[in-house]
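Chemist: Sequence:
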Amino acid sequence: MSSSKHHPMSQLLRILLCCSAAAVTSHSAVAKERPVTAISTLTQIDRYSVIAVRPTAGQRDLLSVTRAITIPDDIESVGEAFHWMLRDSGYRLATDTVLSEESAAMLELPLPAVHRRFEPMPLQTVMGLMIGPAFHLIQDPVHRLIAFERCADSPDPNATGGAQ
Numbered sequence: 024m025s026s027s028k029h030h031p032m033s034q035l036l037r038i039l040l041c042c043s044a045a046a047v048t049s050h051s052a053v054a055k056e057r058p059v060t061a062i063s064t065l066t067q068i069d070r071y072s073v074i075a076v077r078p079t080a081g082q083r084d085l086l087s088v089t090r091a092i093t094i095p096d097d098i099e100s101v102g103e104a105f106h107w108m109l110r111d112s113g114y115r116l117a118t119d120t121v122l123s124e125e126s127a128a129m130l131e132l133p134l135p136a137v138h139r140r141f142e143p144m145p146l147q148t149v150m151g152l153m154i155g156p157a158f159h160l161i162q163d164p165v166h167r168l169i170a171f172e173r174c175a176d177s178p179d180p181n182a183t184g185g186a187q
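The letter at position 98 of the sequence shown is residue 121 when you use my numbering, and the numbering goes up by one with no holes.
Since the hints were derived computationally from the structure, they do not count as laboratory data.
Quick list of the computed label-pair ranges, beta carbon to beta carbon:
id	residue 1	residue 2	range
1	Q67	H106	35 to 45 Å
2	H159	T89	17 to 27 Å
3	R70	I161	41 to 51 Å
4	Q67	A175	45 to 55 Å
Cβ coordinates follow ideal geometry from the N, Cα and C atoms, glycine included.
Please construct the entire structure, taking both the sequences and the accompanying hints into account.
Modeler: Laid out in structure tokens, this is it:
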């Protein structure tokens, strides 16, 4: 008689085990469908923390590094500010022999007070703000050089204007 009492319970237990097995099987099928690249780029760093293992945008493009910049008071010209900003970037300014006369003259200009402090933004954006709308930045990623070129639509300073 005791075997007949346990019979309904064992039947219920079998049903639960079958449902559990079906659920585990369906989840493992979903796991098999995930692409291998998505799984291999994740690394567990703590008990409950997982990070994506891939280079940051700043590591792929050195001038896209976002940082707050405060230029020291002893830096006086735009060119000195560029040398200071680029010191840890892996890039450097092109030599004066490569730069046009206009670009070299722009780098010798005094650094405006408003260009001494920048909130966090990409380094390339900061440099674009410092050179202004008359020039655009030229990047040589092979030699990691920075140069400038005069924009085609900016007025030529040597041309005679309407008022003198």
